[in-house]
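Q: Taken in sequence, the protein lines are chains L and W. For the record, in the first sequence the residue sitting at position 84 is 84 according to our numbering, with numbers rising by one throughout. For the record, in the second sequence the residue sitting at position 52 is 1052 according to our numbering, with numbers rising by one throughout.
Keep in mind the hints are simulated off the structure, nothing from the lab. From a predicted model like this one, the values you see are computed outputs, not experimental measurements. Check before you lean on any hint, since a few could be wrong.
To be verified - Simulated pairs of lysine to aspartate or glutamate, DMTMM-like, Cα-Cα distance not exceeding 25 Å: (1) L:Lys156 <-> L:Asp88; (2) L:Lys194 <-> W:Asp1047; (3) L:Lys194 <-> W:Glu1045; (4) L:Lys194 <-> W:Asp1128.
Here is what each chain is made of, one letter per residue.
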Amino acid sequence: MTERMDQIFVLLRQWLVGFLPEAWQAAAGVVLSVAAIVCLFPALFALTTVFERKGLARIQNRIGPNRVGPFGFFQPVADGIKSLTKEDIVPISADGVVHFLAPVVLVVAVFMGFAVLPMGRNMVLVDADAGLLFFFAVGASTELSVFMAGWSSRNKYSLLGAMRAVAQMISYEVPLLLSSVAVVMIAGSLSLTKIVEAQNHYTWGLPHWYIFTPWGLAGFLMFAIAATSETNRSPFDLPEGESELVAGYHTEYSGFKFALFFLGEYLAMFSISGLGTTLFLGGWSAPFSWLGWVPSWIWFFSKVMLSIFVFIWLRGTLPRLRQDQLMNFAWKFVLPLTLTNLMAAAAWRFLGDGWERWVVCSAVLALAYAGLGWAEMRRGHFGPRSYRYAE
Amino acid sequence: MSFVFYILAAITVAGALAAVTLKNTVHCALALTVAFAGLALLFLELDAQFAGFAQILVYIGAVAILVVFAILLTKGSETPKDGVYSRHWFSGLVIAAGAFAVLGWAVIKSGGAVPRGPDGTPTVTVLDIGNALMSRYVLPLEIVALLLTAAMIGAVLVAMHEKEEKK
Chain L
1 MTERMDQIFV LLRQWLVGFL PEAWQAAAGV VLSVAAIVCL FPALFALTTV
51 FERKGLARIQ NRIGPNRVGP FGFFQPVADG IKSLTKEDIV PISADGVVHF
101 LAPVVLVVAV FMGFAVLPMG RNMVLVDADA GLLFFFAVGA STELSVFMAG
151 WSSRNKYSLL GAMRAVAQMI SYEVPLLLSS VAVVMIAGSL SLTKIVEAQN
201 HYTWGLPHWY IFTPWGLAGF LMFAIAATSE TNRSPFDLPE GESELVAGYH
251 TEYSGFKFAL FFLGEYLAMF SISGLGTTLF LGGWSAPFSW LGWVPSWIWF
301 FSKVMLSIFV FIWLRGTLPR LRQDQLMNFA WKFVLPLTLT NLMAAAAWRF
351 LGDGWERWVV CSAVLALAYA GLGWAEMRRG HFGPRSYRYA E
Chain W
1001 MSFVFYILAA ITVAGALAAV TLKNTVHCAL ALTVAFAGLA LLFLELDAQF
1051 AGFAQILVYI GAVAILVVFA ILLTKGSETP KDGVYSRHWF SGLVIAAGAF
1101 AVLGWAVIKS GGAVPRGPDG TPTVTVLDIG NALMSRYVLP LEIVALLLTA
1151 AMIGAVLVAM HEKEEKK
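Isolated chain L, as found in the complex:
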């Protein structure tokens, strides 16, 4: 029974595909999986918007949306109808084709990232040999769509927002990639299913997730920082800082095109959370060995939703960074720490199974953290802003 619940979606697909002739079955299976991904994550997006507005309202001592449906839970339906029926305004000087293509490219690129995420045991669309590389490759192509949106609008706020977004995404992509490389070094594979399997072992009922190692904890924290920045979420939401840039690169988008940008942002959040879950939190494996009877996909989605909760929490709690602080933080603090973390992971790999590697790795990382922080504070890089181009 537990086996069947675990594999329920795989079995369901087999059963549905069974009605078709032999020659079509492989193609139909892929189409079904893609349809499931394309339906499921926008539905999760709709739920998350309510969840987020409610959560932010709770943090700010408000009530939040409570008019549409029970407890305001049908708010996304109303929002969806609104954005579908709104007039689609394109500025007269805008570059029509590029302006239209930008949100489409963004959503397509973000959806492709889900193809390699293992969402449960045997639940992965493409078990690619280089799945991690694929994820980062399609993730990198979202930058181009942001640039297209900002440039084609012919609006200074849009262009400034796009330039900020692209600069930020490039800067934080380096620590994002390097913190994942540590996992690849230990797991010895770029395939996300193999990385999950490498973590799916238990000692005394406790899992061997990478977050429970010194380099894994450090790597996960840096991954989370870089992921928050990659998805343009608060406190790294400068590209759409409403007090200075109206709405950044999507200022000139209205109606459903704006909804697509909104969808793209949340889908990127889901996919980067899914990747973080897969790399550091054991993917679909259970947190205790005696909970192994719970279906694997429940664990995956619980971990993803937990990450989303942390995203919302951070958004309600932290103030926005300044542009110079953002760049200094990426290049002078997070990047050196990820490089140290790579060394720590290598030491972990070659120091054997004893207790020494725990001491060595922890000491190296703690020293690097304290030393970098102290040096940076002393040099005053986190102090008052120095105006370089706007004197």
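Go by the hints and put chain W onto chain L.
A: Chain W alone, transformed into the frame defined by chain L:
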């Protein structure tokens, strides 16, 4: 030559042609990105996963962004009315043909360097590529790394020079 190949080839060639014929420089850069994407898909169609993904990551994720940044930070995307065609197109053609000939020669010569499966197609996994880069090709890899570091230091020096002049 399958049906998919013809579609991808058409996309790639169309993107490359648009990149050299369009008037607006940013449009050219975006069309060039289409050509990059077509090339990456061609690699994937040939079952060369690593080459395909690396093509997307490096060319679409980094080079295309660099190109548009360079365009925006230097002259702006407005192009002169009399066109952007260079008068030295013939020498460009010769250089391109020469580079293509060298690459083609290298590819044809390298036929025996990769392990092949029973049906004659090369079977190279990402693991093999990693092992080769870290053992047989470690010297070229290090030279490339040194070159990139030098280029980066050069870029930083250029940027710092500007700051010193201001003072």
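Q: Compare the structure with each hint and give your call.
A: Results of checking the hints against the structure:
1. Taken as a hint, the L:Lys156 and L:Asp88 pair is honoured in the structure, with Cα atoms around 20 Å apart against an allowance of 25 Å.
2. In summary, the hint linking L:Lys194 to W:Asp1047 is supported, as the alpha carbons are separated by about 20 Å, within the 25 Å threshold.
3. At roughly 24 Å between alpha-carbon atoms, L:Lys194 and W:Glu1045 fall within 25 Å of each other, so this suggested pair holds.
4. Distance check on the hinted pair: L:Lys194 and W:Asp1128 sit about 17 Å apart at the alpha-carbon level, within 25 Å; holds.
Of the numbered hints given earlier, the model fails none.
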